[in-house]
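Protein chains: 4
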Amino acid sequence: MDREFVVGVIGAGRIGKIHIENLIRKVPNVKLKTVADIKIDAQLKQWADKKGISNLTTKATEIFEDPEIDVVIIASSTETHAKFIQEAAIAQKHVFCEKPIDTDLKRIKETLKIVKNEGIKLMVGFNRRFDRNFMRVHEAVASGQIGTPQIIKITSRDPAPPPIEYIKVSGGIFIDMTIHDWDMARYQACSEVEEVYASGAVLIDPEIGKAGDIDTAVAVLKFKNGALGIIDNTRQAVYGYDQRVEVLGSKGCVLADNEATNTVRIYTAECTNIDKIPYFFLERYMESYATELKSFFNCLQNNQDPTPNGEDSLQDVLIAMAAQKSFKENRPVKISEIDK
Amino acid sequence: MDREFVVGVIGAGRIGKIHIENLIRKVPNVKLKTVADIKIDAQLKQWADKKGISNLTTKATEIFEDPEIDVVIIASSTETHAKFIQEAAIAQKHVFCEKPIDTDLKRIKETLKIVKNEGIKLMVGFNRRFDRNFMRVHEAVASGQIGTPQIIKITSRDPAPPPIEYIKVSGGIFIDMTIHDWDMARYQACSEVEEVYASGAVLIDPEIGKAGDIDTAVAVLKFKNGALGIIDNTRQAVYGYDQRVEVLGSKGCVLADNEATNTVRIYTAECTNIDKIPYFFLERYMESYATELKSFFNCLQNNQDPTPNGEDSLQDVLIAMAAQKSFKENRPVKISEIDK
Amino acid sequence: MDREFVVGVIGAGRIGKIHIENLIRKVPNVKLKTVADIKIDAQLKQWADKKGISNLTTKATEIFEDPEIDVVIIASSTETHAKFIQEAAIAQKHVFCEKPIDTDLKRIKETLKIVKNEGIKLMVGFNRRFDRNFMRVHEAVASGQIGTPQIIKITSRDPAPPPIEYIKVSGGIFIDMTIHDWDMARYQACSEVEEVYASGAVLIDPEIGKAGDIDTAVAVLKFKNGALGIIDNTRQAVYGYDQRVEVLGSKGCVLADNEATNTVRIYTAECTNIDKIPYFFLERYMESYATELKSFFNCLQNNQDPTPNGEDSLQDVLIAMAAQKSFKENRPVKISEIDK
Amino acid sequence: MDREFVVGVIGAGRIGKIHIENLIRKVPNVKLKTVADIKIDAQLKQWADKKGISNLTTKATEIFEDPEIDVVIIASSTETHAKFIQEAAIAQKHVFCEKPIDTDLKRIKETLKIVKNEGIKLMVGFNRRFDRNFMRVHEAVASGQIGTPQIIKITSRDPAPPPIEYIKVSGGIFIDMTIHDWDMARYQACSEVEEVYASGAVLIDPEIGKAGDIDTAVAVLKFKNGALGIIDNTRQAVYGYDQRVEVLGSKGCVLADNEATNTVRIYTAECTNIDKIPYFFLERYMESYATELKSFFNCLQNNQDPTPNGEDSLQDVLIAMAAQKSFKENRPVKISEIDK
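Chains A, B, C and D supply the protein sequences, listed in that same order.
Take the first sequence: its position 238, counting from 1, is numbered 237 in numbering that gives the first Met the number 0, and each next residue is one higher.
Take the second sequence: its position 26, counting from 1, is numbered 25 in numbering that gives the first Met the number 0, and each next residue is one higher.
Take the third sequence: its position 294, counting from 1, is numbered 293 in numbering that gives the first Met the number 0, and each next residue is one higher.
Take the fourth sequence: its position 82, counting from 1, is numbered 81 in numbering that gives the first Met the number 0, and each next residue is one higher.
Quick caveat, the hints were computed from the structure, so don't treat them as lab data.
Careful, some of the hints might be misleading.
Note that identical chains are pooled: a pair holds if it fits in a single copy or bridges any two copies.
Listed next, the in silico EDC-like pairs over lysine to aspartate or glutamate satisfying Cα-Cα at most 20 Å (straight line) [claimed, not checked]:
(1) Lys223 x Asp204
(2) Lys327 x Glu194
(3) Lys25 x Asp48
(4) Lys32 x Asp48
(5) Lys250 x Asp274
Here the structure is a predicted model, which is why all the values come from computation and not from measurement.
All chains should be modelled from the sequences, with the hints used to inform the complete structure.
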């Protein structure tokens, strides 16, 4: 018989609320016991009330010290991730943590070491892996339907850039935005990256350039299994959130196109019209958040290692760092140059 | 400021549960107070508990007699609809009722008369009108984008027939299955039907024929605005739940295709593959149930008449009856022959 | 080894010229010897010259009397078809004739009798059967891939009506325009039609109504194998020449969509645009004229009976007549009522 | 009034024959006078006869020395191109020459100098620019419909590799196969290339590696207008000849997908099937050869400079050379490093 997991959630912002809703409605055999957030206002209280959340606290330690709680979901701000993972691990609680674990290599490795030593399970929230389309692509690759992967091609374009203030502290496009694509590329290639060449330009907003970042980027990956990867990014695709993945293999090719807003075509004397693709990640990936959480708890239930895990998150950050170096020095950079 | 509506639900079967979930999660400014069902077992109790429903009763009268309740949602079995609508109307409560009101013409008219006399609002649950694709088609027609409607074409095919026992009491394909398409045709043509010609055959299962019904049907409609309609139905499309709508107009044509399971194409040395379309109405129309309920409460909030209403349901039944007569006598039948 | 066929062509109008070009460029093992046309002007002479046609005559008899000629292609005006087929048959020449053989039932039958008695081969030019898309549909049906056909659905819409003067002598929409669809329906159903119900309206141009015709039509067919058919026609689809065919079978469904002008999609901040579909039959079906001629000569080469043949043409006319009667009397009409 | 051009063709191999057929059938106001080929056998004689070509010679000089001939079409083997262009230019004849002019930089420049000095017009046969889909993409870019180009993405995959013997003398994938894509990238970006980074691998056939070449390649381009380009190539896409082009711009995105073999979809209980895309370049690009020739003669008729011209061909070769160097040295290479 299935056991019930008792869960504490740290962070009740936008993404934390999504996880809480999914926990309540979509994930079987879980009991949400405590929600911690550094700032509890009237609005959050009301929301928690409506959701039937009784324990609302500003102290994450309440979660770590609660012997009844088995699982911690970390959806707080990025700089707290490593600390909370470590505390949860030491308290012998399994962890689902939003990406990334950290942006400092040493810190990530130290955290993963503690996770390993404590023997807890850790999943990192690369939700795009749980998009129904990209899962289907992966299935075609992993099942051998398209043979050995040869070229992985990812189109990943945001509809509009974030505020300049955000850009300034984002760590740069390769760690902030492309991080999803490094992870997707590894997921679809079924292999680790050996070398990256990254190029880019400021074509959208000169302010982004002044902030020391770029807004348009392309990258070439070489995988350990011999496959090649190409990725293109823009901070502003005016026609919507363009998210496509393609894998060419020795026996075929698999493509995931954008989701449509509806299936309607309108034929007129001038042309044929289709509505715009959905705007942004909440529209496109909402379902994937529930699927990833179900996958995580399913792994716990069956004592399996969840994926993507801490090692995945580490690899993604390594590629991002290599890409930054590649762009700066305008030359291909091996991951081994970063991860000595 | 928006007022809050207090709601009672009669019937907590499959569709009743969907409405209750949508009430709780998706509709603003409503309070679900009481749920009535003729059979309350442990499972239903547990389900209600989890949903936070305190009043669970076997007596629908509790709802009608509760002065606090403003709105009644009727999702009980078809033969109770007319009775409950009448009782709700007399108790001065607005009603959302599952389709159809009744299958007896006199009974429907009597019910509508009471609804009118009591001045309450009544919406009938033709949820397909709230499918995002068909709403988009309607928008193209109603806005004049494709000009005057000339041909309405509906493809409506179930993936598998219901049990023979169900077929026997269903009232026949034209009232049981095509009822959705009569309503869709009227919705998209923006006009009432004047005449119908229906034809059909037993091509799927001889048992359906022995039960006095057909399993494959086509129909031609003539609308009062001059437009023509064609509908095709089958009880068994092995490739999935095929639901398409098309309107040809003087300035263009609008088509809603099937929803896709995913956007993935797989190219191999043999052919290109796409996954099957979603199986059945719960997969296809789940979102529409929430959209229709939101539309209903939005009308109440703004004191507008909801659509589709009792008159729509009456018209749909009249067309079904004309279609039955047409099929039996193999000739076109005017609605005025039925509705003298 | 392949033998060479010597060919005479009667009629060098638009369609005759297409056949002549295809004969010269696309059909192997044929020699075009003589072209007859009632009116030979300077332009035609120049055209014939450029094509290397030496024998240009106003007398069709030159073709019938030429012992070297094996095959006659008849592309003259409709009222001459039966006469020329008969003369060719008596002269022991195989015939490819443009549709229809005639519009008079007695005349068609008399012609077919002569064809049979003389033992020559006759193909009638229903070129749409040789469209690559509709051939692919037929292949899916005929090979059993989609099982037993149950519903045949044809969308056939012209981009613009012909001149009123043409409408007046056209014989009406069911014989002039729908004739192609009757033939397509029989081709895809792999069965003969038993009964037809036809309905229609004047929605495009009142002048068409004044000329005694309709411009918008729908029809329901019952086939001898139990399948049902639905067809819709309009004289004016402003968005282009809409030609689609669909067959639902017990094991699946096969659809042929419109040909695209190009494969380009343009995504903008407003919507996604695709160019209009090709305008009319010369754009859409040009390739099919060559394919049908190659099929005809291939049959001659291998001593096989070509399809569609005289019997096909007869059946198509019978359905057209039944449809006219059905529309006039507003009731389904059996083919046996016409073909007593 | 339009003048008539008298044309000589050098080279009557596969591509020469395509040009000759198009000259005869598709291009107005031209007279084909002489065809030269180094090897005239019975088969070629017969073919020429059937096409009505009277002058068939082994001596190209006959064409250059013929004062009546205005235009020379060069479709002989690559190593003869430069020589024949020069001779034609000196003889004051306009030239349409198959790609490339030469593979030696000095030779190309010397040839272009003579062309310029003699004032004749020269078009180089990059036929893909005249594919109806890619022309439509270019139109969307050039007209400003998608704003300033930012990312050009080209997918260009052959269905099967050429024989190893061909690979050995091909000059390598970047000059033999990607040459089309360098040209397409420049055409769609509306800008010249500044820098290229090329990467690749042997993933199809180790024999290709032994021959000193690669069979899978990706490249990143930086254009002078700031845009970025990405190209991917394989010598073997088992699912067919994959030819797609995409341009992201500041106001939208335009995509050209593959041409379909037909428009048919087959839905079964297992999945939905579409036929494979057409096999190779003769199927895909046949129409483009006629369009390019018409464009060339249209330029001559109107005294305009044809495109793509000698400078285009030079730029394409420069990029290929930079790509070769980039691949060899695993670093981005500026065009200015090659073209000092």
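TODO: Check each numbered hint from earlier against the structure, then list the numbers of those it violates in ascending order.
DONE: none
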